[in-house]
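Just need the whole structure built from these sequences, with the hints factored in.
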Amino acid sequence: MKWNSIRTKVLAALLACLVVGVAGILMLMRYSFERNAQVLATESVNGAERLFSILEAREISKMTAVSDVLLTNPQIRDAFAAKDRERLSELTASLYPQLKTEGITNWMFHTPEPNMVVFLRLHNPSKFGDALNRFLDKEVSRTHALVSGNELAKAGFAVRMIRPFHDSKGEVTGYIEYGEELGQFIHAMKSQTGDDYGLLLSKKYVDREFWADSAAAWKRRDNWNDNPSFVVADKTSDSESIISFDGELAGVPASGMVLERYQKGDAIFVRGLFPIQDAAGTTVGAMFVVRDISSFYLAMRRTQTILIVTLVAVLAIGILLVLSLLTGLVFRRLERIIVVATRVVGGDYETEIRVSSDDEVGQFERLFEQFRRVFVDVLAHVPELQEKR
Amino acid sequence: MSQLYDLKLQIEEKIKTSGLDPKDVKGKLGLRSGMLLALIHPTTPDNPEAIAKLKQAVKEVMHVSL
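Heads up: the protein sequence lines correspond to chains F and D, in order.
Residue 249 in our numbering sits at position 249 of the first sequence; the count goes up by one each step and never skips.
Residue 48 in our numbering sits at position 48 of the second sequence; the count goes up by one each step and never skips.
Watch out, some of these pointers could steer you wrong.
Stated by the list, open to error - Partial list, computed: chain D residues near chain F (C-beta under 8 Å):
#1 D24
#2 L39
#3 P48
#4 K53
These aren't lab readings, by the way, just hints derived from the structure by calculation.
Even for Gly, the Cβ is constructed at its ideal location relative to N, Cα and C.
Rendered as structure tokens:
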């Protein structure tokens with residue numbers, strides 16, 4: 001192969017195109033993958049947030065429906081109106097275990113204003129008479145209508161519903177409250193999506209002593225000192241890395257945020273979190289979500305491989321096509337002209353240059369054939385050659 | 001007989017014994033040396049430069065030294 005031949009130069013240019021094309025496709029694919037992974041990660045966080053809201057709404061509906069049934073029960077209504085704790089407990093205690101299996105962990109009756117203390121705590125019957133003074137209590141007292149939302153209290157972070165209880169005359173005799181621990185939501189979410197979740201609470205809103213007592217009561221490790229600004233209420237994975245976060249929970253945007261994409265073994269994961277607000281609109285915690293995007297990643301890789309193989313094959317075929325066209329249309333015909341010209345100089349005055357086409361090379365063939373004839377004619381008049389011819 | 005003509009005869013002999021295409025080889029020699037072998041005859045005057053060019057052409061085309 002001659003390095004200064006047109007064929008070599010054309011081949012080099014085509015190979016350069018091939019390399020640039022493949023590199024360009026690789027870069028595009030990488031950009032596309034990064035973008036899609038980011039979209040998927042964002043969608044994972046948003047999806048988890050939506051699912052959380054749906055579960056929250058569903059549980060509030062469930063608690064509302066249960067309270068509707070109780071409100072229509074005259075025995076319960078009258079017992080509460082008469083503030084007969086024993087009778088009320090007798091009528092409702094048997095229901096609590098059943099409701100607990102359905103996720104309702106807190107059930108309370110509150111006395112009306114001005115005291116508004118806990119009259120009966122079905123989940124802890126021996127404890128009563130305390131005033132909670134929480135946001136939802138104040139709201140229901142202010143509106144005398146059903147209010148609901150998340151609330152972080154000593155008993156934990158729960159979605160709660162509280163509504164007025166009326167006697168037979170329609171007078172408010174107190175309030176009924178139901179609550180469900182938010183920690184159990186993440187297990188329901190995991191069973192639905194397969195993703196992992198972690199519920200964090202800002203230490204600012206959690207009582208240190210209560211947290212330690214609660215850990216002891218539930219025989220859990222006291223994880224207060226694991227992180228500087230938050231505690232992990234619950235998580236669906238044993239891995240601690242899923243809840244790794246250095247920032248302030250209050251700074252997490254309402255739409256959530258993607259934290260990172262990482263690899264563990266052969267699997268690729270994305271990790272993000274979204275804030276959880278209480279009924280007053282304060283960000284008191286956040287939920288981590290970890291999604292395995294390996295299948296998406298593998299599909300992208302497969303597409304990438306197919307694209308690259310296809311591109312290389314198409315460009316290789318293109319290179320072969322261009323080279324064979326150049327060989328047939330230009331190089332071979334030029335070589336034929338060179339052979340004939342050489343032979344004319346060597347004394348072959350009979351071999352002609354055949355004009356094979358009317359293209360650019362054909363015009364050159366015609367010109368060279370005319371030149372050959374003139375040359376042969378000139379030689380024919382050279383005296384030294386005349387006797388030989 | 002000039003040296004140039006003698007060189008031409010030697011070339012023709014070499015071509016004959018080599019089995020190469022005479023027209024092709026002579027053409028290449030002519031193009032490389034800048035002279036037509038057919039125009040070299042016994043009375044062609046010697047020219048050291050032409051002889052050197054022709055010998056160099058023989059070396060390049062036929063890979064032999066004369």
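Open item on the list: Given a cut of 8 Å on the nearest C-beta pair, is the interface hint for P48(D) held or broken against chain F?
Closed with: violated, 22 Å
Open item on the list: Quick check on the hint: L39(D) CB to chain F CB, less than 8 Å?
Closed with: holds, 6 Å
Task: Restraint check, 8 Å cut-off on beta carbons, for K53(D) near chain F - done: violated, 14 Å
Task: Status of the D24(D) interface restraint (C-beta, 8 Å, chain F) - done: holds, 6 Å
Against the hints set out earlier in the document, violations occur for numbers 3, 4.
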